[in-house]
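Chain B: place on chain A using the hints.
Protein chains: 2
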Amino acid sequence: MRFVIIGGNAAGMSAASKSKRNDPAIEVIVLEKTTDVSYLVSGLSYNMADAYREINDLIVRSVNVFRDKQKIDVRLGHTAERFDPKNRNVKGRISDGRDFEIAYDKLLIATGARARMLPIPGIDLPGVVTLRSLGDGRRLKQLMSCKFAKRALIVGAGYIGLEMADAFYRRDINVEMYDIEARLLPWMPPEMANIVQIEMENRGVKFHFGTKLLNIARSNHELHATFDSGTVRADILLIAVGILPNSEIATQAGLALGAGGAISVDSTMRTSDPHIYAAGDCADMIHVVTGQKVWIPLGLIANRGGWAVANNVTGRRTQVPGIVGTTVFETFDIEVTRTGLSPVEARMVGFDAVETRIRSRSRAHGYPGSHEIYVSLVADRASGRLLGGTIVGREGAAHRINALAAALHAKMGVREFVQCDMAYAPPFGPVWDPLLIAANQLQKEL
Amino acid sequence: MRFVIIGGNAAGMSAASKSKRNDPAIEVIVLEKTTDVSYLVSGLSYNMADAYREINDLIVRSVNVFRDKQKIDVRLGHTAERFDPKNRNVKGRISDGRDFEIAYDKLLIATGARARMLPIPGIDLPGVVTLRSLGDGRRLKQLMSCKFAKRALIVGAGYIGLEMADAFYRRDINVEMYDIEARLLPWMPPEMANIVQIEMENRGVKFHFGTKLLNIARSNHELHATFDSGTVRADILLIAVGILPNSEIATQAGLALGAGGAISVDSTMRTSDPHIYAAGDCADMIHVVTGQKVWIPLGLIANRGGWAVANNVTGRRTQVPGIVGTTVFETFDIEVTRTGLSPVEARMVGFDAVETRIRSRSRAHGYPGSHEIYVSLVADRASGRLLGGTIVGREGAAHRINALAAALHAKMGVREFVQCDMAYAPPFGPVWDPLLIAANQLQKEL
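Here the protein sequences line up with chains A and B, keeping their order. When we follow the working numbering, the leftmost residue of the first sequence carries the number 47, and every step to the right adds one. When we follow the working numbering, the leftmost residue of the second sequence carries the number 47, and every step to the right adds one.
Heads up, some of the hints might be wrong.
Copies of the same chain look alike in the list, so a pair counts if it works inside one copy or between any two.
Okay, derived cross-link-like pairs now, DSSO-like style, lysine-lysine, Cα gap no bigger than 30 Å in a straight line [to be verified]:
1) Lys187 to Lys339
2) Lys258 to Lys137
3) Lys252 to Lys132
4) Lys339 to Lys457
5) Lys457 to Lys490
6) Lys490 to Lys117
7) Lys252 to Lys193
8) Lys193 to Lys258
9) Lys490 to Lys115
10) Lys196 to Lys258
No lab work stands behind these hints, which were simulated from the structure alone. Small disclaimer: the values here were computed from a predicted structure and weren't measured.
Isolated chain A (complex conformation):
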């Protein structure tokens, strides 16, 4: 049996490796349009922060290991352009200009997502960059290492924008951030977003909210970015206004799309065609809390989806029950993490969302080196069920969220969650873990 995979990153290479481990007799062909496979997309901005770190550190496994040790036929520079579900073949173009056509028994679309671009004049000018692929990373790191790079503008204050603000700061490049929203991280309670913003401002980052980029020009090796608020000059302009699923190839072939324009899959990661799967950042997923389809592209989910596809292709039926949307990032030494639904998201799907916010400490009463830690917790008034939460702090936020994520998967109520027996020792938190303090307060408000 021939298993063809379009896209050689998290979902694609996980599926390739696991299908070969499950069944060494299977023929696995990976079509990757770039020259890079199996690297950490989420590591790109952190890598940018360190001039001495090789960008190739982000590569988890080299193409040769996949080819020689795992006997996976990885074809680099192969851009799949279309596939024919009826005749089961994929057609495309090789980087040397030749065309290719490959038949498949099972197909996995793991084309990932791309940076969203702004349809404005000058968006293609040198010095205007996005950060999504290893290639993007190479270009940006080179720009950052140029001694004339003194001033960066970031358009979009999402995860990548905030992580890159940190990276520019660490590389001694002045940063200004522009966002079309009225405030930072609008899904987060304002006082929690302020923790991040104030820390960044204290280190010299300037924020401009409610601003829209209109056009970019370049003269004398300088970019001139014109916002509705005026024109600013810069050496680097990072566009970080979100990502879009690479689902066009599926649309062309008549496959159904789902949430967020991503490819619709069932719990076995199968598309509307029984021989075609999709996984990773190009596919949608069930949200465990709402039961509805969502598009929340995440590295772990891509890996898990790839594994599930490999199992299903090799006859070990596997279902992925869904996601709760757990994310974390770090910027300016602050950990920002969330899982499940924000109050607004919860209300949009019909929950009577109750939210509580607490401030606690990262270490026990009197223990040196303690920092503030902020928790927001959301539950449904009618059922008492936990719906989501957010934690922000200088330490102890990142891993703490996973207890809440597990609780969401288990569909726990606040009443059950407050009874969880969590680890306590003075270096790691107060007697009542900040999550429990929040849950106790939330229970009172329900």
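Relative to chain A, chain B alone:
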């Protein structure tokens, strides 16, 4: 109504405060035999490590706040000696030599636990210490600050022993550890216990296993501790061979004892007498994983138990479903944490325990500053249910265990747990969280 509480620490003062918050009209009398209330027992050893930290930093709330702001009648130096369940009164002795007798409507026994002593000659000599109360802490800290304190022996390599080894080390006091067991932390897989032991040995701590302390003598301001392996001299000898519940006062009054010689309580924290409750380190609890009574004294549980008693005394019926035994400590910069059952404990209660052990990293592939992190995970072969786990590492162990603790409370199977959507970003772990790596491997072995 008069609510009398014997013991003014975690369980006792939590119950006192909450019952007053629930019902300001209730009369609350706390009988505390020492002069200290409401301090962090778990913080004692960490406090010892720092000569410049006040021991009183461990006091969470002063007795005056309880008295003046919360209108709780806290009586220090009041040793309750016996109570009469029939006539509902408590008798005892005040530190000034007078006797007292107090009637109650509801009684809470929150007498805590005491350090277990060894019945050997010389155990009462100056320089031979335990560490359980704030008074113990004051004495030990004074000893450690003496310029002649150069050499400490620790008998018992449990949590307190290991934390204190760290404290002695930080105070430039030479440490040797003696334990009757054949190896360090016998409930933990040997390769994980070795992480701790090797780090400690590298910093100069000497271990002597399978040794028993026979007697202690003192001459020329020096202690001479005779073990079955020979005599060793020391300036400080810390006895850290576990703790015992202070349940004698309950036994005398005819109340039923439960697990570990602690006072038996139901899920409302009520003893065998309908007007008498017990909570904290003197009471037993239901273990959520086994459904059986256990005695695992923990700070959070004491607080939670105290709250539940307060609610039940003031007419808000509250149940404590039980504990999973989550603990964490830090020694020599290594975080050691566990929850649920070890394989041996699981087999003792009839589970067909399967254990898996994995080694992973605390940060993503290629991310600087990463350390090894070790996870052991236990499940029941028949049902696939998670039973417990242990995590050891230089970072990322302490808070990570809580996701597993929540999963144990939710009675999750390994199959469900591997599907949990955990936070991933390169500074905080690999794409597959170490807990998930372990769970994936465990699932294969089931």
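Evaluated hints:
1. Lys187 to Lys339: neither (36 Å within a copy, 59 Å between copies)
2. Lys258 to Lys137: neither (40 Å within a copy, 76 Å between copies)
3. Lys252 to Lys132: Neither: 54 Å inside a copy, 72 Å across copies.
4. Lys339 to Lys457: both (17 Å within a copy, 27 Å between copies)
5. Lys457 to Lys490: Both, since 19 Å and 25 Å are each at most 30 Å.
6. Lys490 to Lys117: Between. Shortest inter-copy distance 23 Å satisfies the 30 Å Cα cut-off; intra-copy 58 Å does not.
7. Lys252 to Lys193: within (22 Å within a copy, 54 Å between copies)
8. Lys193 to Lys258: Classified as within; 29 Å inside a copy, 67 Å across copies.
9. Lys490 to Lys115: between (58 Å within a copy, 22 Å between copies)
10. Lys196 to Lys258: within (23 Å within a copy, 67 Å between copies)
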